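Engineer: When the letters of the sequence shown are read in order and numbered with the working numbering, they come out as residues 586 to 766.
These are calculated hints, taken from the structure and not from any lab test.
Keep in mind the model is a prediction, meaning the values are calculated, not measured.
Treat the hints loosely; a few may be bogus.
[As the list claims (entries may be wrong)] Below, computed lysine-lysine pairings styled on DSBU-like, alpha-carbon distance capped at 35 Å:
| hint | residue 1 | residue 2 |
| --- | --- | --- |
| 1 | K737 | K599 |
| 2 | K747 | K677 |
| 3 | K737 | K747 |
[What the hints assert, rightly or not] Label pairs and their computed distance ranges (CB to CB):
| hint | residue 1 | residue 2 | range |
| --- | --- | --- | --- |
| 4 | S654 | E681 | 18 to 26 Å |
| 5 | S654 | K758 | 16 to 24 Å |
| 6 | M733 | S590 | 44 to 52 Å |
| 7 | V653 | K732 | 39 to 47 Å |
| 8 | S654 | R736 | 36 to 44 Å |
Beta carbons are placed, not taken as given, at the ideal position from N, Cα and C, and that holds for glycine.
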Amino acid sequence: MMTDSVLRDRFFKKYHGQEIENCIQCGMCSGSCPLAPHMDFGPRQLFAMAREGDMNEVLHANTIWLCVSCYNCVVKCPRGISITDHMYSLKKMATEVGIKPPKMLHLYRSFNAPVEKNGRLTDVMAMAGYGLRHPGAAMANVPLGLKMLSRKRLELKPASVKNIDGFQRVLKKAKELERVS
């Protein structure tokens, strides 16, 4: 495992984490987060820890994996900090250094893969991707899935962005730039 100072430098330089220095610790992010009660640390506390250099604890916290990118925190932040983007960066950084909470990471990948392929995500694609890795969990959710299907709450046909080739080129370029930085 890398030292906290190396990880902090990496977060601040490679992932532009210096933006969290603008945080005034008002707590609006944690107060608006629907999953904060289930997190080891709310976003406010997590960013305070990152600023102080407690990066191993930050990367091992379930907080980064529980963020569902609802953007409530970003909307409420009086400083306009891209909290959700930083959570994504911390997830990426955690996987790069070998921190992989198995079930949460599979769920994360189940969401990410269809987005990279189609530019969008449907509930069915996410459930299918996760269900293939965790059949027990999938079977436990069959009644809920059938209920959602009967109420037309599931979109069976995967939607795609209009210019999928352009989207994938942008994604590829972003990954290349990320590797370089």
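Engineer: Taking the hints in turn, state whether each one holds.
Structural biologist: Do the hints match the structure? See the list:
1. K737 to K599: Judged against 35 Å, a Cα distance of about 43 Å means the pair is violated.
2. K747 to K677: holds (27 Å)
3. K737 to K747: holds (24 Å)
4. S654 to E681: 18 to 26 Å: holds (19 Å)
5. S654 to K758: 16 to 24 Å: holds (21 Å)
6. M733 to S590: 44 to 52 Å: holds (47 Å)
7. V653 to K732: 39 to 47 Å: 21 Å Cβ-Cβ, so the 39 to 47 Å window is violated.
8. S654 to R736: 36 to 44 Å: Distance hint for S654, R736 is violated at roughly 25 Å.
Going through the hint list in order, the structure does not satisfy hints 1, 7, 8.
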